[in-house]
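Q: Those protein sequence lines, which keep their order, are chains A and B.
Just so we're aligned: the first sequence equals residues 1 to 118 in our numbering.
Just so we're aligned: the second sequence equals residues 1 to 117 in our numbering.
There's no promise every hint is true.
[Stated by the list, open to error] Sample of chain B residues with no beta-carbon within 12 angstroms of chain A, all distances over it, derived: (1) E15; (2) V19; (3) T20; (4) S30; (5) Q39; (6) S42; (7) T60; (8) R63; (9) N67; (10) S76; (11) K78; (12) S80; (13) L84; (14) I115.
[To be verified] Using C-beta positions, here's what the derived DEER-type ranges look like: (15) A:D18 with B:T18: 48 to 56 angstroms; (16) B:S74 with A:R114: 30 to 38 angstroms; (17) A:R104 with B:K70: 32 to 40 angstroms; (18) B:Q14 with A:Q41: 27 to 35 angstroms; (19) A:K57 with B:I97: 16 to 24 angstroms; (20) A:E20 with B:Q57: 42 to 50 angstroms; (21) A:G59 with B:Q83: 33 to 41 angstroms; (22) A:R104 with B:Q14: 34 to 42 angstroms.
For the record, the hints were derived by calculation from the structure and aren't laboratory data.
Owing to the predicted nature of the structure, the values given are computational and were not obtained by experimental measurement.
All C-beta atoms, glycine included, are put in the ideal place defined by N, C-alpha and C.
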Amino acid sequence: GAGVSQSPSNKVTEKGKDVELRCDPISGHTALYWYRQSLGQGLEFLIYFQGNSAPDKSGLPSDRFSAERTGGSVSTLTIQRTQQEDSAVYLCASSLNFGLRVDRETQYFGPGTRLLVL
Amino acid sequence: AQTVTQSQPEMSVQEAETVTLSCTYDTSESDYYLFWYKQPPSRQMILVIRQEAYKQQNATENRFSVNFQKAAKSFSLKISDSQLGDAAMYFCAYRSISNFGNEKLTFGTGTRLTIIP
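Okay, chain A solo, but in the shape it has when bound:
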């Protein structure tokens, strides 16, 4: 597709359940980012992938959060044993990060997944 896509659009789960959020970046973008947007914390960085490796995972809030990227493309963010404070919008972005295009560092965002933990 032309843009970053994320699924599901909305997810309601019960406290203690595991959830998986998916991100499909723009074709050819080598870098992928996950952010969390919540009322109390604003926009927070979670993790960054360059290819399939994660040079920066400093924003993951706890060991209940993990992410992987396969084939240099799709990424999955997994939250285990969800808590009510995990309720937020999870945004994914991608960027080229190489080459001569002037916008290679610009991050393009998906529509987000709204997670509600009951």
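Following the hints, put chain B in place on chain A, whose structure we already have.
A: Here is chain B on its own, set in the frame of chain A:
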């Protein structure tokens, strides 16, 4: 660590008028990127404009322009001829120029812009 401050939680402007949104940042780096993103109720973050710190010329994109004051660490967004479709949350963001582990965006807290018909 870099910080980004948006001191105006809410702003409003009459349709067709001009409005300026403020952003200041703190960094010890000499080169970096600055961005303004727009987030309408649909939740999609949309890039409005970008500025490279090493460029002295202010970026412009149609009705959107910035006033980049590097010494003052200020990066304001001016919207001319405001339109109803400009109503959204606007976020200022900072990115290090380094490509070795510093690629994340640091965001301000946002300014909610209302357009009055």
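Q: Which earlier hints turn out false for this structure, listed by number in ascending order?
A: 5, 6, 17
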